[in-house]
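Asker: Take a look at the letters that make up each chain.
There are 2 protein chains.
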Amino acid sequence: MNEVIELLMERKSIRAYEEREIPQEIRERILESAIRAPTAGNMVLYSILEVEDQGIKDRLVETCDNQPMIARAPLVLIFLADFRKWMDYFEVCDVRVINEMKGIEGYKPGAGDFMLCVSDALIAAQNAVVAAESMGVGSCYIGDIMENYEIHRELFDLPDYTFPVGLLCFGYPTESQLRRPLTTRFPRESVVFKDRYRRLDRKEFHRMYSEMDERVFKGKYLEGCNNIGQHYYKRKVTSDFMAEMNRSVATAIKLWCGEPQY
Amino acid sequence: MNEVIELLMERKSIRAYEEREIPQEIRERILESAIRAPTAGNMVLYSILEVEDQGIKDRLVETCDNQPMIARAPLVLIFLADFRKWMDYFEVCDVRVINEMKGIEGYKPGAGDFMLCVSDALIAAQNAVVAAESMGVGSCYIGDIMENYEIHRELFDLPDYTFPVGLLCFGYPTESQLRRPLTTRFPRESVVFKDRYRRLDRKEFHRMYSEMDERVFKGKYLEGCNNIGQHYYKRKVTSDFMAEMNRSVATAIKLWCGEPQY
Numbered sequence: 001m002n003e004v005i006e007l008l009m010e011r012k013s014i015r016a017y018e019e020r021e022i023p024q025e026i027r028e029r030i031l032e033s034a035i036r037a038p039t040a041g042n043m044v045l046y047s048i049l050e051v052e053d054q055g056i057k058d059r060l061v062e063t064c065d066n067q068p069m070i071a072r073a074p075l076v077l078i079f080l081a082d083f084r085k086w087m088d089y090f091e092v093c094d095v096r097v098i099n100e101m102k103g104i105e106g107y108k109p110g111a112g113d114f115m116l117c118v119s120d121a122l123i124a125a126q127n128a129v130v131a132a133e134s135m136g137v138g139s140c141y142i143g144d145i146m147e148n149y150e151i152h153r154e155l156f157d158l159p160d161y162t163f164p165v166g167l168l169c170f171g172y173p174t175e176s177q178l179r180r181p182l183t184t185r186f187p188r189e190s191v192v193f194k195d196r197y198r199r200l201d202r203k204e205f206h207r208m209y210s211e212m213d214e215r216v217f218k219g220k221y222l223e224g225c226n227n228i229g230q231h232y233y234k235r236k237v238t239s240d241f242m243a244e245m246n247r248s249v250a251t252a253i254k255l256w257c258g259e260p261q262y
Numbered sequence: 001m002n003e004v005i006e007l008l009m010e011r012k013s014i015r016a017y018e019e020r021e022i023p024q025e026i027r028e029r030i031l032e033s034a035i036r037a038p039t040a041g042n043m044v045l046y047s048i049l050e051v052e053d054q055g056i057k058d059r060l061v062e063t064c065d066n067q068p069m070i071a072r073a074p075l076v077l078i079f080l081a082d083f084r085k086w087m088d089y090f091e092v093c094d095v096r097v098i099n100e101m102k103g104i105e106g107y108k109p110g111a112g113d114f115m116l117c118v119s120d121a122l123i124a125a126q127n128a129v130v131a132a133e134s135m136g137v138g139s140c141y142i143g144d145i146m147e148n149y150e151i152h153r154e155l156f157d158l159p160d161y162t163f164p165v166g167l168l169c170f171g172y173p174t175e176s177q178l179r180r181p182l183t184t185r186f187p188r189e190s191v192v193f194k195d196r197y198r199r200l201d202r203k204e205f206h207r208m209y210s211e212m213d214e215r216v217f218k219g220k221y222l223e224g225c226n227n228i229g230q231h232y233y234k235r236k237v238t239s240d241f242m243a244e245m246n247r248s249v250a251t252a253i254k255l256w257c258g259e260p261q262y
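Read top to bottom, the protein sequences are chains A and B.
FYI, the numbering for the first sequence is 1 to 262, going by full-length UniProt numbering.
FYI, the numbering for the second sequence is 1 to 262, going by full-length UniProt numbering.
It is possible that some hints are incorrect.
No distinction is drawn between identical chains; accordingly, a pair holds when it is met within one copy or between any pair of copies.
[What the hints assert, rightly or not] No more than 27 Å apart at the CA atoms, straight line, and that leaves these computed lysine-lysine pairs for BS3-like:
(1) K236 - K203
(2) K12 - K220
(3) K194 - K57
(4) K108 - K236
(5) K203 - K218
(6) K236 - K254
(7) K254 - K108
(8) K57 - K12
(9) K220 - K102
(10) K194 - K236
(11) K102 - K12
(12) K57 - K236
(13) K236 - K102
(14) K108 - K203
(15) K194 - K102
(16) K102 - K218
(17) K57 - K218
(18) K57 - K108
(19) K57 - K102
Think of the hints as simulated: they come from the structure by calculation, not from any bench.
Since we're looking at a predicted model, the values are computed, not measured.
Could you put together the complete structure from these sequences and hints?
Answerer: Rendered as structure tokens:
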């Protein structure tokens, strides 16, 4: 196993940080590694917000489902799906000649553009995670940045055709975070399928969740729950934050794609 | 610069492969590294299809905008956003008791679930890319897997609440691919903003695209185009494949989220 694989296999999310700044040089390496990530058609369909303003960090704690670590992270990056930049550039480049050539009225970004931008943003984010890890800087994704779209639009001056798809907190791990064991993952046969998708049966599900059950839950589920499925269903899937995320993302997609043409 | 950063900074997409299998052990390391990637709430909201059937690879060449390298890649992985597995598991776990407890009728996945699944899938995909690279295996993303949703559903037996968001081709790079210089990237100041989003002005756009113009285009744009904006607008944005991707993704999101509730 080489050093890179070792890093990928041992990386865990870090949610508590030492009170210690991340030197500018290391911040820059993280950002440069993100920017070198593969990007669709080399179009770089994303932007990164480097959040330094403590007031904004404090506000994010509230808008991202009350996660105080955001306020304490020495480096906070928001990865934006961004087609606005190209739309503005097309204006600068006067693409009306192409519209005339093709006999079209203009271009309105759609769900495909949205997803290409989202892909670029997340691929770059994971490069930032790996780069940070290699320099001893821990990280944690906050998907809750997809909630409260309207508030984040205002907070970050986000124009149409931008969408904050991921937030990453970075910092040096505390001792106790370093000692925390790796979380379990599902066995490969429940994640990887040959050639075609295959729905799992009851027995396979039992195997899939057994290690998590033994190592993490040990029979202790949320009140009123008797298994992992009920636990997650109660705690996450039917939670208020999930309802908010569903609403927020649907609103953002609608604004991006216009009235659904389908 | 450590070895990991060096790898991230020097990685480029590889589109032509030596005729040489990837040993099973290396395939497994790639998959394991993907599966260790961070995942929302440790829910592993994705699946990976390992495509080995040559007939399916050949078909993908056509359905992914005619890219013959898919047929020639010794390893093809499709990353699926997947909430189906959890929905099936909830059924096995009999979550009706939670519905009664919460006074709800049941749960219908929404746009938030879709995006969490998409995020998990892409983050895992990038881990696979980095892992492969560290073992001398090149890779290339094919976003076109998001086109032709209906065809891919049938081809891969995809049930509701799954969506193929990324395809990765892997293989040992040919000599000429190894010699190919790194593509340019936009300068950091046009990708990273402090605290708030900022739209770029004409002068900034000029700086942003100048290296790409000098090194890549050298004044040679698509017929009828006079600058990079017009070139990309004609070649990519207003292309048939982009129209198809917009249609396909919109269809998939509609099926996943139901009639928009917004």
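Asker: Next, verify each hint and record whether it holds.
Answerer: Each hint, compared with the structure:
1. K236 - K203: Within one copy only: 24 Å inside, 47 Å across.
2. K12 - K220: within (23 Å within a copy, 47 Å between copies)
3. K194 - K57: between (44 Å within a copy, 12 Å between copies)
4. K108 - K236: So K108 and K236 pass the 27 Å test across copies only (13 Å; inside, 35 Å).
5. K203 - K218: within (19 Å within a copy, 61 Å between copies)
6. K236 - K254: both (24 Å within a copy, 23 Å between copies)
7. K254 - K108: both (13 Å within a copy, 19 Å between copies)
8. K57 - K12: within (23 Å within a copy, 34 Å between copies)
9. K220 - K102: between (63 Å within a copy, 20 Å between copies)
10. K194 - K236: For K194 and K236, the Cα distance exceeds 27 Å both inside one copy (30 Å) and across copies (32 Å).
11. K102 - K12: Answer is neither: 50 Å inside a copy and 33 Å across each miss the 27 Å cutoff.
12. K57 - K236: Intra 24 Å, inter 37 Å, cutoff 27 Å: intra-copy only.
13. K236 - K102: between (48 Å within a copy, 13 Å between copies)
14. K108 - K203: Only across copies: K108 and K203 sit 25 Å apart there, 48 Å inside one copy, limit 27 Å.
15. K194 - K102: For K194 and K102, the Cα distance exceeds 27 Å both inside one copy (42 Å) and across copies (39 Å).
16. K102 - K218: between (63 Å within a copy, 25 Å between copies)
17. K57 - K218: The answer is neither: 36 Å in one copy and 43 Å across copies each exceed 27 Å.
18. K57 - K108: neither (33 Å within a copy, 32 Å between copies)
19. K57 - K102: Intra 46 Å, inter 33 Å, cutoff 27 Å: neither.
The structure fails hints 10, 11, 15, 17, 18, 19 (numbered hints given earlier, in ascending order).
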